[in-house]
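> Next come the chains, spelled out residue by residue.
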Amino acid sequence: MPGTNDPRTSRRGFLAVGSGALFCTIAGQRIALDQPGAAAKADAAAARVRRPRAQPATAPGAAPEDQLTFTTPEPQPGGVVREYWIQARTMRWDIVPTGRDQWHGVAIPGRTKFTAFGYQPMTAGFAAALAPPSIPGPILSAEVGDVLRVHFRNAETKVRQGLTMHPHGVKYNPEYDGVFLGDFTRAGGFIGPGEEFTYTWEATPDSVGVWPYHDHGPNHTLNTFRGLFGSIIVRAKGDKAPDNEHVIFFHSLLPGTTGLKAPFQCINGRAYAGNTPTLTAKVGEDVAIHVIGMNDDFHDFHMHGHRWRDPAGTFVDTPIVGPNEAITARFVEDNPGRWLYHCHVFSHQDGGMAGWYLVEP
Amino acid sequence: MPGTNDPRTSRRGFLAVGSGALFCTIAGQRIALDQPGAAAKADAAAARVRRPRAQPATAPGAAPEDQLTFTTPEPQPGGVVREYWIQARTMRWDIVPTGRDQWHGVAIPGRTKFTAFGYQPMTAGFAAALAPPSIPGPILSAEVGDVLRVHFRNAETKVRQGLTMHPHGVKYNPEYDGVFLGDFTRAGGFIGPGEEFTYTWEATPDSVGVWPYHDHGPNHTLNTFRGLFGSIIVRAKGDKAPDNEHVIFFHSLLPGTTGLKAPFQCINGRAYAGNTPTLTAKVGEDVAIHVIGMNDDFHDFHMHGHRWRDPAGTFVDTPIVGPNEAITARFVEDNPGRWLYHCHVFSHQDGGMAGWYLVEP
Amino acid sequence: MPGTNDPRTSRRGFLAVGSGALFCTIAGQRIALDQPGAAAKADAAAARVRRPRAQPATAPGAAPEDQLTFTTPEPQPGGVVREYWIQARTMRWDIVPTGRDQWHGVAIPGRTKFTAFGYQPMTAGFAAALAPPSIPGPILSAEVGDVLRVHFRNAETKVRQGLTMHPHGVKYNPEYDGVFLGDFTRAGGFIGPGEEFTYTWEATPDSVGVWPYHDHGPNHTLNTFRGLFGSIIVRAKGDKAPDNEHVIFFHSLLPGTTGLKAPFQCINGRAYAGNTPTLTAKVGEDVAIHVIGMNDDFHDFHMHGHRWRDPAGTFVDTPIVGPNEAITARFVEDNPGRWLYHCHVFSHQDGGMAGWYLVEP
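Protein chains in written order, with this note's numbering: chain D, 479 to 839; chain Y, 479 to 839; chain C, 479 to 839.
Fair warning: there could be bad hints in the mix.
Note: identical chains are not told apart, hence a pair may lie in one copy or across any two.
[Unchecked claim] Each computed EDC-like pair below joins lysine to aspartate or glutamate, with the alpha-carbon atoms no more than 16 Å apart:
1. K760 <-> D544
2. K739 <-> D572
3. K649 <-> E621
4. K715 <-> E621
5. K636 <-> D812
6. K649 <-> D812
7. K649 <-> E811
8. K636 <-> E621
9. K519 <-> E811
10. K760 <-> D812
Calculated from the structure, these hints are not laboratory results.
Everything numeric in this text was worked out from a predicted model, so none of it was measured.
Please model the complete structure; the sequences and the hints are all you need to start from.
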């Protein structure tokens with residue numbers, strides 16, 4: 479059915495979905511995110527999503543669970559409140575600021591700047607910026623027994639739509655799930671333009687690990703694909719941080735979401751060595767590199783010159799990383815030099831998903 | 479080479495295979511299952527597949543292994559025979575019976591009914607139906623030391639082709655493998671229209687777990703993609719079942735197999751919350767949710783508000799699930815409310831692979 | 479933008495990358511490897527890649543790590559030097575030498591021979607061939623404490639380009655990484671036509687396992703996709719090898735790399751049962767089947783009639799295998815007969831990724 483962009487009613491649409499290409503559903507409209515102009519279309523649809531009713535218990539099809547009320551959790555004895563102020567806003571973002579791929583020593587032609595969406599860390603009361611918005615957003619940290627109290631502001635006024643922060647790993651009640659659920663949406667699931675909301679999440683014993691957070695509002699697929707994500711690190715009480723710790727996201731910035739002609743396979747919003755994070759360490763350090771998948775692809779993380787035990791005890795150097803899954807490479811550094819790290823899906827590494835790891839003797 | 483549907487000799491074919499899209503091989507014909515009319519073409523080819531010779535030992539290229547004869551296993555001391563009567567037949571199946579996506583609160587347009595293939599549980603001797611055929615088929619259960627004796631009938635007379643039941647996880651000899659192997663096919667590998675066959679499978683100590691079964695006859699790719707699959711649960715001797723146990727399949731119902739215009743990303747044959755299984759539990763229950771992949775895609779299972787240990791001891795909330803692989807989320811329920819569960823591949827969740835989990839306080 | 483093959487500036491390009499299809503970057507040129515004539519184009523670009531400067535420390539952007547010098551490691555006390563002579567060269571290779579798929583009992587039409595690239599084992603000093611070049615190359619073996627000393631020759635004079643051997647799992651310093659890094663390339667990262675280089679790799683305690691090696695020169699994506707890979711097995715000191723051990727690679731030979739019309743889903747360079755390795759074993763043997771992914775797809779390995787523990791202790795029969803990842807199925811053989819083994823991604827098994835496993839009583 480030529481002339482339609484509806485992936486559900488077109489031949490192309492089938493291929494798009496069948497082969498895993500990207501689309502989203504907003505306000506009853508299904509939008510193929512690999513079409514030119516897809517982001518504008520999805521944003522327009524998202525702007526039409528009405529604020530959900532305040533009382534999910536009155537929604538058609540409501541269940542007894544929709545009548546439950548919840549209290550805001552406090553820290554466990556000995557725990558503390560970890561407070562963050564974070565806002566979401568658009569920003570101009572350069573995927574290849576050097577204009578070059580330093581691995582192959584070649585120029586990357588074409589435009590590489592677009593309007594991204596980022597989480598930005600602020601000082602208390604949103605008084606001032608701690609840093610610019612970025613891809614990924616700030617790392618949130620807690621120990622078991624703490625609560626994370628995250629004051630979130632939807633500071634975006636041009637791209638008008640409900641936004642959220644949805645965390646993995648930590649415990650939360652439905653009010654703090656940060657997910658748009660249509661008629662069943664709870665308070666944290668739709669933060670309109672200019673609005674604020676405070677999420678409270680618990681670091682429980684089974685929260686130990688590294689986790690992503692991301693937008694889960696009505697336009698979450700597009701928004702996470704253009705930068706609205708970050709990470710949470712939860713440690714056991716009193717656990718020492720590694721000497722040297724990095725969180726990297728394997729994701730993509732694609733024409734449908736960026737408006738650029740070229741697709742980019744990215745690490746932390748950048749593509750190609752010299753633009754992606756150049757990680758550094760020193761021989762003897764206890765190094766932890768946490769890798770999180772943040773698109774629809776499956777990846778595997780290869781670090782040249784290094785091996786480590788996976789959680790099952792097997793020595794690995796190329797473990798799989800799925801969407802919104804985190805894996806950790808942890809080792810005592812013993813191998814100085816310039817190393818390449820990359821996704822070992824060849825098309826991903828060739829598309830920019832590679833970077834440098836520099837180890838001082 | 480325009481005008482051909484042979485994926486091996488056309489440009490499109492390469493893309494189809496190269497990008498993981500679906501095709502099958504039947505009777506020497508290769509059929510791209512993403513083509514309109516593909517199912518009818520594959521069924522016609524499958525109807526031409528001749529019953530394999532009764533004696534694989536006489537096949538060209540036969541090996542000494544093809545001359546082996548096998549006995550039907552009996553339960554171990556203390557074990558029992560678990561007997562099932564199951565037939566396969568086509569049925570009309572509605573992928574979106576409510577016509578709506580209750581998550582986003584929108585209507586799902588277009589036709590959603592098609593002719594599916596399902597396994598149906600019957601009473602002893604196929605005397606009567608225990609339930610309608612369904613996607614997935616019935617759960618088969620055993621303890622270590624038992625044998626599963628599954629009387630299978632190919633009750634489908636319109637779509638004329640050999641069918642089977644091929645199990646994972648349990649032990650079987652080649653007679654009960656349930657796989658079509660051309661000239662080397664054993665008795666259980668081709669059950670013709672109207673015919674019956676009794677499979678005998680052993681629950682051995684290394685069978686403990688949750689496993690799929692599915693058609694593995696000459697047309698197995700198409701048939702499993704339109705519904706011919708189910709699950710087997712094997713427990714250690716005397717092991718208590720969880721208080722609350724669910725088996726869900728992540729799969730797809732695609733235009734080439736359904737004849738519908740839209741592709742659907744499904745859980746247990748349905749797409750979109752309110753149609754997919756609404757799981758329920760109660761605080762304090764020991765909950766086990768088993769997730770099995772049943773298409774060509776890799777998935778990951780996310781349950782909002784919950785975390786659990788994976789088999790290596792890592793806390794997870796979004797583990798990977800591969801084709802015909804099973805993972806289990808097991809936890810003591812402690813978080814009441816309405817929760818979303820979904821595949822965290824964004825295009826899958828946006829295509830219908832999501833559902834509700836309702837937890838009573 | 480019709481008429482261009484640049485995946486970064488064409489609509490098709492986006493799909494290619496977005497859906498995971500194959501492309502590579504050579505000498506600043508990005509080449510979609512699913513285009514007819516792609517291999518010739520990539521080879522021409524690779525021939526233009528200049529030998530990197532001898533001193534990476536003088537490169538623009540050089541870091542202190544680029545000034546480091548390294549010594550060649552010797553075995554640990556009690557360890558030995560394991561010496562190999564291996565050359566790389568092109569060869570005519572038949573993907574389906576029998577012309578048939580013995581599983582379905584059908585002929586495979588069309589041409590199946592192409593110019594592949596293979597590693598070839600030689601006698602000391604490259605005096606004579608130990609075997610023809612093959613897909614995969616020879617298995618390299620070591621015990622913990624040993625060093626692997628691999629004399630490598632780029633014996634290919636028609637396809638003129640830098641080649642390497644890049645190992646996984648073993649320890650090496652940057653000189654022996656075997657990776658082309660543009661201006662930062664070390665000695666082992668560009669072995670020109672007719673040249674030789676000796677790699678020295680250490681089998682450390684965390685090297686125990688099975689690992690791939692492959693080309694990582696300027697044209698590595700194309701070269702690994704047409705055969706330049708092999709395996710390394712490292713055992714603990716004195717560890718007994720399994721009675722029966724096999725290494726199989728799940729990969730693909732695609733029109734863009736072969737020039738053939740048909741794509742093939744391969745095991746060890748062959749497609750379809752009767753062409754792929756026919757594995758054999760005997761009841762009572764300790765069997766290990768190592769499976770390594772060597773393309774851009776994710777796979778899962780299913781062996782009919784068998785189950786085994788994965789490293790986390792879970793019983794499995796269809797574990798996931800990612801690109802350049804190795805998994806091992808290890809069990810004591812107890813089930814005689816003819817068995818099918820295959821990737822359980824249906825399109826892969828239907829495209830040739832299946833073979834026989836014959837077990838003698």
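> Check K636 against E621 for me: Cα-Cα at most 16 Å, and say if that holds within a copy, between copies, both or neither.
Neither: 37 Å inside a chain and 61 Å across chains, both beyond 16 Å.
> Cα distance capped at 16 Å. Does K760 pair with D812 within a copy, between copies, both, or neither?
within (8 Å within a copy, 44 Å between copies)
> If the cutoff is 16 Å on CA atoms, where do K739 and D572 land: within, between, both or neither? Let me know, please.
Within one copy, since 14 Å is at most 16 Å while 39 Å is not.
> When no copy is specified for K649 and D812, does a C-alpha distance of 16 Å or less occur within a copy, between copies, both, or neither?
between (37 Å within a copy, 10 Å between copies)
> First find the shortest C-alpha distance between K649 and E621 inside one copy, then the shortest across copies, and answer within, between, both or neither for a cut-off of 16 Å.
Classified as within: same-chain Cα gap 13 Å, cross-chain 35 Å, threshold 16 Å.
> How would you classify K649 and E811 at a CA-CA limit of 16 Å: within, between, both, or neither?
between (34 Å within a copy, 12 Å between copies)
> Are the CA atoms of K760 and D544 at most 16 Å apart within a copy, between copies, both, or neither?
For K760 and D544, the Cα distance is within 16 Å only across copies (14 Å; inside one copy 53 Å).
> At most 16 Å between CA atoms: does that hold for K636 and D812 within a copy, between copies, both, or neither?
Neither, since 50 Å and 40 Å both go past 16 Å.
> Given identical chains, is K519 near E811, meaning Cα to Cα at most 16 Å, within a copy, between copies, both, or neither?
neither (48 Å within a copy, 41 Å between copies)
> Up to 16 Å between alpha-carbons, please classify K715 paired with E621: within, between, both or neither.
Within one copy, since 5 Å is at most 16 Å while 40 Å is not.
Hints 5, 8 and 9 from the earlier list are contradicted by this structure; the remaining hints agree with it.
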